[in-house]
Amino acid sequence: MNTTTDSWDEAALVQRAQKGNLDAFNALLLHYQTQVYNLAWHLLHDEAAADDATQEAFISAYKGLAKFRGGSFRAWLLRIVANACYDELRRRKRRPTVSWEDFGDADDEANPHLADGGLLPEQTLQQQELRALLERTLAKLPEDQRMVIVLVDRMGLAYQEVAELLNTRLGTVKSRLARARAQMQQLLQEERELLPHRYRLNSEDEA
Amino acid sequence: MTQMHTTWREVDISAYVDGELEPAKQSAFEAALAQDRVLQQKVKEMREVVALVRAIPLREPPRNYLLTPSMVAEKSGAEKSGAEKSPQRAYRRSTPLLFMRLATSLAAVAFVVTAGLTYMQRSISPTMVLNAPNAAEEMPAMEAPPAAVVATVVVQKEVEVMQVREPAAMPAATPSTEAVARAEKVVESEAVVEAPAAVPLTATPQPDAGIAAAEATTNAQELTETAPQEEMLVLESAPAAEAQGVDEAERVGEGNAGAPPGAAESEWMAYDTAEPTTADQYSLVTGVPTQTSTPSWWLPGILGAVTLLLAGLTFWISRRR
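Chains A and B supply the protein sequences, listed in that same order.
Quick note on numbering that gives the first Met the number 0: the first sequence kicks off at 0 and runs consecutively.
Quick note on numbering that gives the first Met the number 0: the second sequence kicks off at 0 and runs consecutively.
No wet-lab data here; the hints were simulated from the structure.
A couple of the hints might just be wrong.
To be verified - Short, incomplete list of chain B residues facing chain A, as computed with Cβ under 10 Å:
#	residue
1	S13
2	V16
3	V49
4	N63
5	P68
6	V71
7	V305
8	L307
9	L309
10	T313
Said to hold, decoys possible - To spell it out: a stretch of chain A is covered by chain B in this simulated footprint if at least three of its residues, at any positions, have a beta carbon under 8 Å from a beta carbon of chain B; those stretches are:
#	segment
11	16-28
12	47-61
13	129-139
14	149-161
15	174-183
Where a beta carbon is used, it is the ideal one built from N, C-alpha and C, also for glycine.
The task is simple: from the sequences and hints, build the whole structure.
Here you go:
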């Protein structure tokens, strides 16, 4: 579950980046940019806004590397993008705007990155439907629960990392995650008919 | 079984699925799970939810966010220029203007002061000198003429005599032997009177008339040479007094152009009767007017030009900002 203990020497890269080595920072960036972007997307539900928030977060992270005092670099990085997203959400509350994504998911098909390579058209369609259902269901969760379930189940962070990121206790992370999962189970049960057969919950006949 | 099931909450099941249950609870949970079918079903459902949430891969970012040195430099540079450099630049830009304003003010004050002082000198000296001919005419009737007037008039009359005796067309700058001779004669008889003009303030009556005559001759020659230089910048008292005297004497001479030389000489001889000691005392006491009787406008002129220049520069700098 914890993907930070990879073979690559993250601590050395962070050290070099802190000394101003942009290449080292870019290596870290390439490793985490998908997670950073996805957290931004889950918080903003807007590709363009998530894109801007991600770029802004990396620039802020590079300039604020001196403030990183150890611990999980990924948690530190994700906290920066989360703060950037919260800033954007506050700005939206002051000046509401209409997102292009409110008009439909047409851009999902136009985006080549969303196409899962090697899948049959039927499978691709199934994946897209499942993704849409999942993201729609996640969006219904309270923000604190959504944040935790995305971090743990979507990105694979350890509980301790999440506690570090959210600056909260480990028990709080556990309880939020449990409530989020229970809520997701209930919501997905309601959408059971829309789920692919193999993903249908409570299918005791299959179990 | 039911009791076992009720003791395990969602948070424990969720943590157990992730392997995050505390070690103390882990074995107890596994023991209960082995016997409790309801708990087994709860764990199964929780795993299905987690599997479903993890089933869909993450969205691919639309691009790479690799940072370039220019991106980082531009950002930080813009922030610095906006937050920190502005006050320094403003201070740096305002310093020359403040300095120029101060310098212009000082130059203007200096100009006004020097011009005022020069004007005051100018307004005093000509009055004294212009009164000299009148005083000279009245002098014979006066037993004790004002000291300053006497001192000035003595020199003026001396030059006047020379001027009158010279041909009108002859330039005063040309040394005239006759004038020198006349000056010698005058000084021989009035050595004490001549001495203050030559060495004012410190001069004392010369008992030796011969020495005084020699000095007076020199002074008379200098006097003749400096006569046409009306605006000469002379700081030393004696030549200044002489130049002024010649200047005024020329004017008087022009006024008396029609008069016979004898008349001027008779007037001059009348002044010869003045008490030498009295004239000397007057010169010693009121030597200042004879020294500063030539107000020079060069200093106020320069200061005025500098003031105008600085004002122009200040205006230019302020407009450039």
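Now for the hints, and whether the structure bears them out:
Because the closest C-beta pair between S13 of chain B and chain A is about 4 Å apart, less than 10 Å, the hint holds. A distance limit of 10 Å between C-beta atoms decides the matter here; for V16 of chain B the minimum to chain A is near 8 Å, and the interface restraint holds. For the restraint placing V49 of chain B at the interface with chain A, the shortest Cβ-Cβ distance is roughly 6 Å, inside the 10 Å limit, so the hint holds. Because the smallest distance between the Cβ of N63 of chain B and any Cβ of chain A comes to about 7 Å, under 10 Å, the interface hint for this residue holds.
A distance limit of 10 Å between C-beta atoms decides the matter here; for P68 of chain B the minimum to chain A is near 6 Å, and the interface restraint holds. The restraint placing V71 of chain B at the interface with chain A holds, with a minimum CB-CB distance near 6 Å, inside the 10 Å limit. Evaluation of the V305 of chain B hint against chain A yields a violated restraint, the C-beta minimum of about 52 Å exceeding 10 Å. Hint status for L307 of chain B relative to chain A: violated, with the closest Cβ pair at about 53 Å, above 10 Å.
The closest approach between the C-beta of L309 of chain B and any C-beta of chain A is roughly 47 Å, which is over the 10 Å cut-off, so the hint fails. Look at T313 of chain B: its Cβ only gets to about 43 Å from chain A, farther than 10 Å, so that hint breaks. For the segment 16-28 of chain A, the proposed coverage by chain B is satisfied: 4 residues have a C-beta within less than 8 Å of a C-beta in that chain, meeting the threshold of three. As drawn, the segment 47-61 of chain A meets chain B at 6 residues by the rule of a beta-carbon pair under 8 Å; at three or more, the given contact holds.
Residues of the segment 129-139 of chain A with a Cβ under 8 Å from some Cβ of chain B number 4, which satisfies the need for three, so the listed coverage holds. Here the segment 149-161 of chain A counts 6 residues with a CB under 8 Å from a CB of chain B, which clears the bar of 3, and the coverage holds. Check result for the segment 174-183 of chain A against chain B: holds, 7 residues qualifying (beta carbon to beta carbon below 8 Å, three or more required).
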